[in-house]
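Q: Now for the letters of each chain:
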Amino acid sequence: MTVHDTLFWFFSLAMLLSGIGVVASRNPVNSAMFLVLLFGFMAGLFVLLEAFFLAVIQVLVYAGAVIVLFLFVIMLLDIRASQRRHVRFLGAVGAIVVPGALAWEFVFILQKPVQPLAGREVNWQDGLEVVVKPLFARYMLPVEVAALLLLVAMVGVVLLSRRNLK
Amino acid sequence: MIAVVTLHHYLIISGLLFALGMAGVIARRNALVILMALEMNLSAANLALVAFSKYNNLVEGQVFVFFVIAIAAAEVAVGLAILVALFRLKQTVNVDELNSMKR
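Going line by line, the protein sequences match chains A and B.
Heads up, the first sequence is in this note's numbering, so the first residue is 1 and it goes up one at a time.
Heads up, the second sequence is in this note's numbering, so the first residue is 1 and it goes up one at a time.
Since the hints were made in silico from the structure, they are not lab data.
Remember, predicted model here, so these are calculated numbers, not experimental data.
Ideal placement from N, C-alpha and C gives every residue a C-beta, glycine not left out.
Keep in mind that a hint or two might mislead.
[Stated by the list, open to error] Chain A regions said to be covered by chain B (calculated; three or more residues, Cβ under 8 angstroms):
# : stretch
1 : 17 to 23
2 : 27 to 33
3 : 36 to 46
4 : 52 to 65
5 : 69 to 80
6 : 99 to 113
7 : 131 to 141
With the hints as extra help, turn the sequences into a complete structure.
A: Pasting the structure below:
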């Protein structure tokens, strides 16, 4: 096993374990902390895939901004840990059967070889330039639309958090 | 013992993470944790896209992930604002109790 493989197994198993932590923790603060771990390991996997720019963005946006937002809201609403885990029968069955079937299906489909697409030769070591150049050339319009969407989201959030919504 | 890591391994890990997030969305009652599980689902899709982009030598996958992250950030902000507004109205974030559209 090479270093890459070892790191892959480490990151992916740790990521799945922290995912279980997010879903199973009783306290929402613990869930948020496990989510930070999950995004950190995900950034590790991105580095393994030589997506350095996305790894940095992942840490900045998710682990930096999104989780802080979650923690602020948990603090603002003063949510306690749920006292008892009352799992309802239908919910538990659904939560095991549906994702289980989905996961089994994924594994089953992936038994067959994936046809590679004919891509250009990309030098991933160039890092930032590889990803950012198409963003500012061919995908300029989507970038503008995403920027507009973020602005609209910001205005919407300010409006939603007013005290009287009338 | 274990085969060399290929595209399949990344895709299977991504599928398992997605299934885990889906289980969280179905089983949990706390709306905040449901939003976190949704973030896990988006991340699973991101991982699949980056893996495809690496093993097929296409940059477009990574460009897509960039947009997914931007949209996810906006979605979390709006979702949490709606949650805060709902909490002011009903004093709860338990989705079992948020079952009427009237106030």
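Q: Flag every earlier hint the structure violates by its number, smallest first.
A: none
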